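Enquirer: Each chain is listed here by its residues.
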Amino acid sequence: MSNELTVHGAVVSHDTHDLGHDGHHHHQSFITKYVFSMDHKTICKQFLITGIIWAMIGGLMSVIFRLQLGYPDSTFPWLEDILGHWAKGGKLTPEAYYALVTMHGTILVFFVLTGGLSGTFANFLIPLQIGARDMASPFLNMLSYWFFWTASVVMLSSLFIETGPASGGWTIYPPLSALGDANLGSKAGMDFWIVGMALFVISSLLGGLNYITTILNMRTKGMSMTRLPLTIWALLFTAILGVLSFPVLLSGLILLFFDRHFGTSFFLSDIFITATQTALPNEGGSPILFQHLFWFLGHPEVYIIILPAMGLVSEVMAINARKPIFGYMAMVGSLFAITILAFLVWAHHMFVTGLNPFLGSVFVLLTLLIAVPSAIKVFNWLTTLWRGNLRFTPGMLFAIGFVSIFISGGLTGIFIGNSTLDIHLHDTYFMIAHFHLVMGVAAFFGMFCGVYHWFPKMFGRYLNNTMAYIHFWVTLVGAYLIFWPMHYEGLAGMPRRYMDYSGWSSFNMFAGLNQFITDVAMVVFAVQLMFVFNFFYSIFKGRRVTTLNPWGANSLEWTTPIRPGHGNWPGEIPEVHRWAYDYGKDGRDFIPQTEPLGADEQHH
Amino acid sequence: MSTVFLIAILLLGFVITFQIAKASEYVGILKGEKKNFQQNNKINGFLMIVFLVLGLIGVYWCNELFKGKILGEAASDHGKKIDTMLYITIAITGVVFFITQILLFWFSYKYQHSETRKAYYFPHNNKLELIWTVVPAIALTVLVGFGLMYWFQITGEAPKNAMEVEVTGKQFNWIFRYPGKDNVFGRKYYKNISDAKNNSLGLLWDDERGHDDIVVSNTMYLIKGKPVKLIINSRDVIHDVGMVAFRMKMDAVPGTPTTIWFTPLYTTAEMKKKTGNPDFEYEISCDQMCGRGHYSMRGEIQVVTPEEFILWRAKQQSNYAQVMKDQAAPAPEKTDTTAIAPSAKIKMAGAAVAKTD
Chain A
1 MSNELTVHGA VVSHDTHDLG HDGHHHHQSF ITKYVFSMDH KTICKQFLIT GIIWAMIGGL
61 MSVIFRLQLG YPDSTFPWLE DILGHWAKGG KLTPEAYYAL VTMHGTILVF FVLTGGLSGT
121 FANFLIPLQI GARDMASPFL NMLSYWFFWT ASVVMLSSLF IETGPASGGW TIYPPLSALG
181 DANLGSKAGM DFWIVGMALF VISSLLGGLN YITTILNMRT KGMSMTRLPL TIWALLFTAI
241 LGVLSFPVLL SGLILLFFDR HFGTSFFLSD IFITATQTAL PNEGGSPILF QHLFWFLGHP
301 EVYIIILPAM GLVSEVMAIN ARKPIFGYMA MVGSLFAITI LAFLVWAHHM FVTGLNPFLG
361 SVFVLLTLLI AVPSAIKVFN WLTTLWRGNL RFTPGMLFAI GFVSIFISGG LTGIFIGNST
421 LDIHLHDTYF MIAHFHLVMG VAAFFGMFCG VYHWFPKMFG RYLNNTMAYI HFWVTLVGAY
481 LIFWPMHYEG LAGMPRRYMD YSGWSSFNMF AGLNQFITDV AMVVFAVQLM FVFNFFYSIF
541 KGRRVTTLNP WGANSLEWTT PIRPGHGNWP GEIPEVHRWA YDYGKDGRDF IPQTEPLGAD
601 EQHH
Chain B
1001 MSTVFLIAIL LLGFVITFQI AKASEYVGIL KGEKKNFQQN NKINGFLMIV FLVLGLIGVY
1061 WCNELFKGKI LGEAASDHGK KIDTMLYITI AITGVVFFIT QILLFWFSYK YQHSETRKAY
1121 YFPHNNKLEL IWTVVPAIAL TVLVGFGLMY WFQITGEAPK NAMEVEVTGK QFNWIFRYPG
1181 KDNVFGRKYY KNISDAKNNS LGLLWDDERG HDDIVVSNTM YLIKGKPVKL IINSRDVIHD
1241 VGMVAFRMKM DAVPGTPTTI WFTPLYTTAE MKKKTGNPDF EYEISCDQMC GRGHYSMRGE
1301 IQVVTPEEFI LWRAKQQSNY AQVMKDQAAP APEKTDTTAI APSAKIKMAG AAVAKTD
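Residue numbers (the numbering used here), protein chains in the order written: chain A, 1 to 604; chain B, 1001 to 1357.
Among the hints, erroneous ones may be present.
[Stated by the list, open to error] If you want the footprint, here are the derived chain B segments under chain A, 3+ residues with CB under 8 Å:
{"no.": "1", "stretch": "1022 to 1028"}
{"no.": "2", "stretch": "1114 to 1125"}
{"no.": "3", "stretch": "1201 to 1212"}
{"no.": "4", "stretch": "1308 to 1321"}
To be clear, the hints were calculated from the coordinates, so they are not data collected in a lab.
Remember, predicted model here, so these are calculated numbers, not experimental data.
Don't be surprised by glycine CBs; every beta carbon is placed ideally from N, CA and C.
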C-alpha cells in the first residue's frame, strides 16, 4: 500500500488514453463550447478566470491606495500616467482615493469572493461530487455566468466615466451615496454601481437556485445527504444564504435609486448641502433604514464568502491528513447554526448608529453565539490533523494556513461583536484587520486551497509546486505582517478611510508602520501575480496528470476520466455506498465512496 | 528612472524564480516522485515549526514595539470601563489564540508524513465535541455578561446634572451649540439654515428660548468632572463623533438625533502632563465616511475647570445677538473668539465667519 502514500501515484492509471472524449460527444462549435457553454466545468472556469482578473484589478487598487497611506508626502509620476487627472502630479486626489477604496471593497467582496469563489467551486464540485451529469438547469447556469459577466462590464466601465466610480465606501450608505452634490462618486458612478450590483444579484440568484435544486434532487444512487462531502454541504448553505439575502439588498438598491432620481424620501431627511447652499425638500426618511436593509444582506454575505472556503478546507484537509474529517455531523451542524445565526446578527454593524441599546444587547448575544459553532469547527480541524499522516501538498498548506488566519481573525470578532468594545473599535483599523483576516485572507486561502487541489481535475495538469510553496509561505507571512500590526493602530483608535493621518495628534505616530505595511503589501501582491502566472502557464504547460486519482481521494470527481467531457462519466454514473471520509480505516489508506461496504467492516 | 529600474529588478527576480521552479520540477521527476515528495514534505513540515516560533517571537516583539503608543489612559469614566472590558477580552481570547495556534502548527510539524506511521482512524468523539461546545459557550457567556453590564451603564440615562451640548456634523467640520442661561435649546428647522445669514443650524428666531443659544465651531468646551450629554445631529450626510481619548463614538445621522453621555476626568492641561506630550489635544475625528474631506474633518475639545468654563462662556455672544448685530451694522467681522488652533487642513466653518447678506 505504500505507493498510495506518494503524492501523485495513488492509483495506477488505466485510463490515460481518455483525454476529453467520452464516446458520445456531439459536435460543438467554439461558441457553444467555450463561450456560451452549458457545461458546468466550463462555466466554472469562466467564473474562475473572471474572478482572477477582478482580483488583480482589486488588488492593484489596494496597492495604489496603500502607496498613499504609506508614503503620504511622496509623489509617483507613473500614477498620473495611468490615472490622469485623478492623480495630478503623481498624488492621488481625495476623490480618487475614496473611489479606489470603495471599488476595492466592492470588487473583492462581490466579484471575487462571492462570484469568483462560489461560482467556481459550486459549479465545478456540485455535479462532480454528488454524481450528476450537470446542473439541474444548465441553461440558467449559463445565464448566471453571463449576468455576472455583464455586471462585471458595467462595474468596470464605471471606472472610466468622467465623474468616476462610486466613492462612498462599499457599504454605499445614503445620504452620501444618494447625493451627487455631496460626493463626486455619487453622480453617474453610483448609478453604474446600482445597475452592476442588480445584475450581480440576478446572477447570484440564478446560480444559487440552481445549486440548491441540483444538490437536493440530482444526487446519484446511494448519495444520501449525510454521505455528501462537506464541500457540498457548505455550498448548499452558501446558496441558501444568497437566495434569501440578496433580494433584500436589491430592494434597498431600488429604493436608493428612487431616492436618487424620482424624488422619494426613503433614506433622506433634513439635508442642507453645504457645497450648493441648498436645503433638499426630502423629509421623514431614515438613512438607518438603508443600513438595516444593507446589512441584512451584508452580514450573511460574509458567510457566503467564508462557508465555501470552510468546505473546501475541510475536504482538502481530510484527504491530505489521510484521516476522516473529525466530527462530520458537528461540522454540518455548525454550518447550519452559522447559516441560521447569519440572519440574526446584522445590527451588530450598527451599534453606534443610535440603535436602541436594548436591541443592541440582543444582537450582542446572538453575535457572540456564532463563536460557538466557529470554535467547534476550529477544534475539529485541529483534531483532524492530530495523529494524521500529513502530506503538505500546496492545497493542504493553504488549508492549514486558512485555519491559522481564521483563528486570528475570528477571535477579534469577539471584541467588536461586543457592543461595549465596539464603541471604541468601530470603524478603526482594528475592524480593518479583523475582516481582512477572517473573510478576506481566510477566504482567499480557502480559494487557493481549492484551486491547487482541483486544478488537476479542471485542466488535467498540475500547477508548479515550487512556485506554489513560495506563494503560500510569502502570502501567509505577508498577511500577518500586514494585518497583525493594524490591530494596534485600531486600538489606538485610528479611523479607517483616512487618506492622510499627519494632521492628527492622536493618530500620527504610526507613519513608519504604515510605510512598512505598504511595502509588505506590494511584495504580497507581486507574489499573487506569480500565482496568476503559474495558473495560466500551467493550463498549457504544466506537468500532465497521468493517474485518475492523484491525491488518493474518496469522492466521486476522481472517478471521472482525467479530462471529463460534457456529462462527466462516459458510462453509468457510479453508485455510492459510503461517506466520503473513509481514510485510514481498517488499515486501508483510503476507500472510495463507490466501494460497497465490506461484510465485517466497522461502522463509522 | 528608478521606477523602470525597480520593474526590471522585479522581472528579473521573477524570471529567476520561474527558472528555479521549472528546474526543480524536472529534478523532481529525475529523483523520482516519492523521494521528491518526501523532501518537500520535510521542508514544509520544518517551516511549520519555524513559522510558529518566529510568529510567537514576532507577536511579542510587535507588542513591545507598539504597546506604548496605544490606549493611553482613558480620559472618561466610560473609557475606563471600556478599557477594563478590553483587557478581560484580550485575556480570554489571548489564551485561546496561543493554545489553538500552537496546537495547529505543532500538530502539522509532529504528524507530517512518515512511512512508518499510519493515520489514526478517528471520525468522531461525542465527549470531546461536547467539551469544546460547552467551554467556549461558558467563556462567551462571561464576555457577554461583562460586556452588557458595561453597555447598559454606558448607554443608560445621563445623570440629572449633566450639561447638554448639541453637536452637528457637516461636510467637513463640526458645529457646537450650548443652550445658554435658560438651559433650553431653541427650536430649529433645517430649511432655515443659511451660512450667509450666520445661521448655520437653522435656528428659528421667533422661538425666544433660542435667543441665548451659543453656537461655536471647531472647538467644544467641556468641564472636568461634570457629566456631559451630547445631542448629535448632522446637516448633510452621516458623520460620526469619534473621541478617541474618551473612547466614545456615535454616529451623526441627518434627521435622527442621537445621544451619548460621559464624564471627562482630566483637563486638557492635565492630559498634556499625563501623556508627557505638550501638543496633546482632545480630538474629534469623523469616523464615518462622509466624502472627500472625511480624513480632515477634525474638531477639538478643551476640557477645562468649572471656573475657566464660566469665564469662557461669559465671553461668548449668542448666535441671535450676533445676527442682530450684523443686521444693525453690516460689516464682516470674525465672531468666534475661541482659541482655535489654526490648522491649514481645516477650513473655518461658515458659521464662524459672519457674512453680510
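Enquirer: If any of the earlier hints don't hold here, list their numbers in rising order.
Expert: 3, 4
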